[in-house]
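Peer 1: Chain by chain, the residues:
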Amino acid sequence: MKRRDFIQQVSATTAVVTIGGFGLQSFSTLPKTTKITILHTNDVHSHIDAFGPDDGRNANKGGVARRAALIESIRNENPNTLLLDAGDIFQGTPYFNYYGGELEFKLMSKLKYDAATIGNHDFDNGIDGLYAQLPHAEFQFISSNYDFSNTIMDTHVKPYKTFIKEGIKIGVFGLGIELDGLVDPAMYNETKYLDPVEMAQEMTHILKTNEKCDLVICLSHLGYDYKTNPNKISDLKLAALTKDIDLIIGGHTHTFLPKPTVIKNIENKNMLVNQVGCYGINLGKIDFYFDANKDKSANGTSIIV
Amino acid sequence: MRFTYLIYLLYILVLFNCKQPKEYLTKIEGKQIQITDSLAIDQDIEAFIKPYRTHIKKDLDSVLAFSAGTYTKSDGEFNTAIGNFMADAVFDEANPVFKKRTGKDIDMVILNHGGIRSIINKGNITTRTAFELMPFENSIIVVAMKGSQIDSLVNYLSKAYKAHPISKLKLSIDKNFDVIEALINGQEIDPHKTYYVATNDYLYNGGDDMTFFKPNEEVYVLDYKIRNALIDNFKKVDTISPIMDDRFIMIK
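If you read the protein sequences in the order shown, they are chains C and U.
Be aware that the first sequence starts at 1, since it is given in our numbering, and climbs by one per residue.
Be aware that the second sequence starts at 1, since it is given in our numbering, and climbs by one per residue.
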């Protein structure tokens, strides 16, 4: 029980003792809505500075210092906020070449990222290069389908993590793309790639049944959709093959979506898949509203995108 | 004593009634916020980045050479000026290193089209240009392969329909993407001869589906980054003015 809830309940008890049944009556009609805000980035690729005014594509967009101010203002509005990243933090500007990811991790820590999953480019300085930067990361790395047990990263990456915000329990798990053929084996060493669909099923079972999460989020670096290669696992395929995931936050394909995708899972229930392009040009923001009144959810969850 | 008990009882009763055991997800709102220059800047973060930026900028902005034109990887169907420059630069810089170590010459170079990560703009070429062109840390590898395996390499190139950068290999294909002629040092490829092919470690390990490097006779790791070869080349030349040529063409 959270301390604040406890205090509220203790004072409620006092009220009941003082004014009897009437207090109990009035308490039960108090409306309660909890809003959980999920902020997310993907494929930032060491883009710490904003694009310059002369850039052909992304002039004056992006930049960590602006993202920091935006996140701060959102957190001030709603403290029940999680900040997540879907991988490929590394590689793309000289900041990475000169400092090996140190500055990326330090800034993400300053922005108070809660968790990130691992993208293929995060192995670009080898698994040793990733490990070497871990002391600069004050956030949790989450991957459910990379088995690091025979590598230096063993115990430094969790298969899932739960967060509690105002009594709402949020479970986050992570999925990485197949490394074979994409990353030099000398870079990822004995990292084992496990089937993402199987691991998603295992994780959702743990998070829903054992951990009793109210919200389940998958941080994915699988890629949004592979139209020319329909057998390749993607976020859209994963969504359709699984249940109990509320939101897939994607990466890898640098997909700019006009809005988050609403898609049906294997139980024909609506869920969201989102990805916000790349290079820190956009910040994804998904608000989940919880209500104690069951009647409100009787007609299903309304999704506004 | 009894009174305390009553309070506890009431407390449990209230807990049971008031503590919502579950809240229900009723609404989801999703959107994307663009990070633009209309947003405020967090000055603490900006100050934290500054020393890193200053150090890098000083190093990157040193002028190495001059580019006569603007070159992009989309200017050309089977070979491009920028790709030809990169493959030739790798040959020019890696061959002396390889020769010194082994007494042998590199016979050809193959890189990948996707590995050209930026354009070269007309004007000053700086260290930054080399970083943009080749942000990755890949190093040069020389692979000793039999001519019969070079055929697989040539076959890959003929079907890829991409201007993968090559040097010292001359290739022509017909409109069905079948090989008409493939020459190394002006001669047809001898299936029994050993050729020394320079590439990078990413491609050697099967990147971009280049699976033809294995098995092989021997591998020489030069410990020489592609980017550093480009920087060394820029330092040597005054002006670069590469052209699209006839090293890889389709005869229609």
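Honestly, the hints are just simulated from the structure, not real lab data.
Treat the hints loosely; a few may be bogus.
[As the list claims (entries may be wrong)] Listed below are the simulated DSSO-like cross-link pairs for lysine-lysine, each with C-alpha atoms no more than 27 Å apart in a straight line:
hint, chain 1, residue 1, chain 2, residue 2
1, U, Lys27, C, Lys259
2, U, Lys22, C, Lys208
3, U, Lys193, U, Lys100
4, C, Lys259, U, Lys100
[Said to hold, decoys possible] Per label pair, the in silico range of CB-to-CB distance:
hint, chain 1, residue 1, chain 2, residue 2, range
5, U, Gly123, C, Ile164, 52 to 60 Å
6, U, Gln187, C, Ala240, 33 to 41 Å
7, C, Thr155, U, Leu183, 35 to 43 Å
8, U, Ser74, C, Asn231, 43 to 51 Å
9, U, Ser118, C, Glu72, 30 to 38 Å
10, U, Ser118, C, Ile164, 39 to 47 Å
11, U, Ser74, C, Pro258, 33 to 41 Å
12, U, Asn228, C, Thr209, 51 to 59 Å
13, U, Asp174, C, Lys110, 56 to 64 Å
14, U, Gly186, C, Pro53, 48 to 56 Å
15, U, Thr36, C, Asp195, 20 to 28 Å
16, U, Asn121, C, Thr209, 33 to 41 Å
17, U, Met250, C, Gly56, 44 to 52 Å
18, C, Asn231, U, Asp246, 49 to 57 Å
On a predicted model such as this, the values are computed, not experimentally measured, just so you know.
We put the CB at the ideal spot given by N, CA and C, even for glycine.
Peer 1: Gly186(U) and Pro53(C), beta-carbon distance inside 48 to 56 Å?
Peer 2: holds (50 Å)
Peer 1: Within a Cα-Cα threshold of 27 Å, do Lys27(U) and Lys259(C) meet the stated pairing?
Peer 2: holds (16 Å)
Peer 1: Indicate whether the distance between the beta carbons of Asn228(U) and Thr209(C) respects the range 51 to 59 Å.
Peer 2: holds (54 Å)
Peer 1: May I ask you to test the hint 43 to 51 Å on the CB atoms belonging to Ser74(U) and Asn231(C)?
Peer 2: Once the Cβ atoms are compared, 30 Å apart, the range 43 to 51 Å for Asn231(C) and Ser74(U) is violated.
Peer 1: Starting from the hint 44 to 52 Å, judge whether the C-beta atoms of Met250(U) and Gly56(C) obey it.
Peer 2: Given about 30 Å between the Cβ atoms, the range is violated.
Peer 1: Does the Cβ-Cβ separation between Ser118(U) and Ile164(C) fall within 39 to 47 Å?
Peer 2: holds (45 Å)
Peer 1: Given the hinted pair Lys259(C) and Lys100(U), is their alpha-carbon gap at most 27 Å?
Peer 2: violated (57 Å)
Peer 1: If you check the beta carbons of Asp174(U) and Lys110(C), does the distance land in 56 to 64 Å?
Peer 2: Since Asp174(U) and Lys110(C) have Cβ atoms about 59 Å apart, the given range 56 to 64 Å holds.
Peer 1: Does the Cβ pair Thr36(U), Asp195(C) satisfy 20 to 28 Å?
Peer 2: Between Thr36(U) and Asp195(C), where Cβ atoms are some 40 Å apart, the hint is violated.
Peer 1: Taking the CB of Gln187(U) and the CB of Ala240(C), does the distance hold inside 33 to 41 Å?
Peer 2: violated (55 Å)
Peer 1: Could you tell me whether the CB distance from Gly123(U) to Ile164(C) stays inside 52 to 60 Å?
Peer 2: Taking Cβ atoms as reference, Gly123(U) and Ile164(C) lie about 56 Å apart, which means the hint holds.
Peer 1: Does the Cβ distance between Ser118(U) and Glu72(C) fall inside 30 to 38 Å?
Peer 2: holds (33 Å)
Violated hints, listed in ascending order, are 4, 6, 7, 8, 11, 15, 16, 17, 18; each of the other numbered hints is respected by the structure.
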